[in-house]
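Q: Sequence:
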Amino acid sequence: MPYVPVNELDMYYEAHGDGSPLLLLHGGSGSIPEKWIPFFTPRFRLIAPEQMGHGRTADLVDRPFHYHDMAEDTVALMRQLGIESAVVVGYSDGGIIGLDMAIHHPERVSKLAVTGANARFDGYTRENQEWARSFDPGTQPVSDDYVRLSPDGAKHWPVVLGRLKAMWAAEPSFTNEELERMEAPTLLIIGDRDIVTPEHAVEMFRTIPGAQLCVVPNAAHGVMPKEAILRFLQEEAASAK
Numbered sequence: 238m239p240y241v242p243v244n245e246l247d248m249y250y251e252a253h254g255d256g257s258p259l260l261l262l263h264g265g266s267g268s269i270p271e272k273w274i275p276f277f278t279p280r281f282r283l284i285a286p287e288q289m290g291h292g293r294t295a296d297l298v299d300r301p302f303h304y305h306d307m308a309e310d311t312v313a314l315m316r317q318l319g320i321e322s323a324v325v326v327g328y329s330d331g332g333i334i335g336l337d338m339a340i341h342h343p344e345r346v347s348k349l350a351v352t353g354a355n356a357r358f359d360g361y362t363r364e365n366q367e368w369a370r371s372f373d374p375g376t377q378p379v380s381d382d383y384v385r386l387s388p389d390g391a392k393h394w395p396v397v398l399g400r401l402k403a404m405w406a407a408e409p410s411f412t413n414e415e416l417e418r419m420e421a422p423t424l425l426i427i428g429d430r431d432i433v434t435p436e437h438a439v440e441m442f443r444t445i446p447g448a449q450l451c452v453v454p455n456a457a458h459g460v461m462p463k464e465a466i467l468r469f470l471q472e473e474a475a476s477a478k
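Just so you know, the sequence shown maps onto residues 238 to 478 in this note's numbering.
These are computed hints drawn from the structure, not numbers from a lab.
Hints may be right or wrong, so weigh each one.
Unchecked claim - Quick list of in silico lysine to aspartate or glutamate cross-link-like pairs, EDC-like style, CA-CA up to 20 Å:
| hint | residue 1 | residue 2 |
| --- | --- | --- |
| 1 | Lys-463 | Glu-415 |
| 2 | Lys-402 | Asp-429 |
| 3 | Lys-272 | Glu-464 |
| 4 | Lys-402 | Asp-247 |
| 5 | Lys-272 | Asp-359 |
| 6 | Lys-402 | Glu-420 |
| 7 | Lys-272 | Asp-296 |
| 8 | Lys-402 | Glu-464 |
| 9 | Lys-392 | Asp-255 |
| 10 | Lys-463 | Glu-440 |
| 11 | Lys-463 | Glu-271 |
| 12 | Lys-402 | Glu-271 |
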């Protein structure tokens, strides 16, 4: 089980396959999405980290959750592993981390595919905005994966959710100017019943230079059209030759 020291963390990650590097970034309160690994490993060297307080990476309770800090942790992991640049695929919070990396470390992100990710808090549906501000971390059932994986133990689950709530209720807060500076070819994916509104996804699509938008019909938060992502990555690779 490989751990790497980054920014006071012992960050857990897994590496699978061969080829050019692809970073797979999980969603909030989640862990490495194991079911997606076999799809990418025939074509890429897949690197899948677990963020602070997620999966097998312990929490640091004196350090608040911020998307930018998680992005910096991920970039630090890349440095430790000797990865100069990678394709980044992120789901939900992982997609937001990918956006932050593409904004602040454009040289590290060769291509970016994000699903269910927003650029601002008001990009959520009204219902999800209200939920993010009002849900009670102490009443949420503990995740089976958290019980199985976390070094902090099941009792720490409400603490992590409380810290995530503070982040979810205030972030992300990317400006249009920041999105306009993005250089990586970007694919935005959203379900038409996502917690991120289609209108916000269209706004991001129009703001990020050269972005592509994939709206999946009859799909909610969590949609991961792997074939669409692979087509996007292959098209960009072909155009670069």
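Q: Each hint should be assessed against the structure and marked as holding or not.
A: Against the structure, the hints:
1. Lys-463 with Glu-415: violated, 27 Å
2. Lys-402 with Asp-429: violated, 24 Å
3. Lys-272 with Glu-464: holds, 14 Å
4. Lys-402 with Asp-247: violated, 23 Å
5. Lys-272 with Asp-359: violated, 31 Å
6. Lys-402 with Glu-420: violated, 31 Å
7. Lys-272 with Asp-296: Violated, because 24 Å separates the two Cα atoms, which is more than 20 Å.
8. Lys-402 with Glu-464: Given that 20 Å is the threshold and the Cα spacing comes to 32 Å, the pair is violated.
9. Lys-392 with Asp-255: The given pair, whose Cα atoms are some 38 Å apart, is violated under the 20 Å limit.
10. Lys-463 with Glu-440: Not OK: Lys-463 and Glu-440 at ~23 Å, beyond 20 Å, violated.
11. Lys-463 with Glu-271: holds, 13 Å
12. Lys-402 with Glu-271: violated, 25 Å
In this structure, the earlier hints numbered 1, 2, 4, 5, 6, 7, 8, 9, 10, 12 are contradicted, and the remaining ones agree with it.
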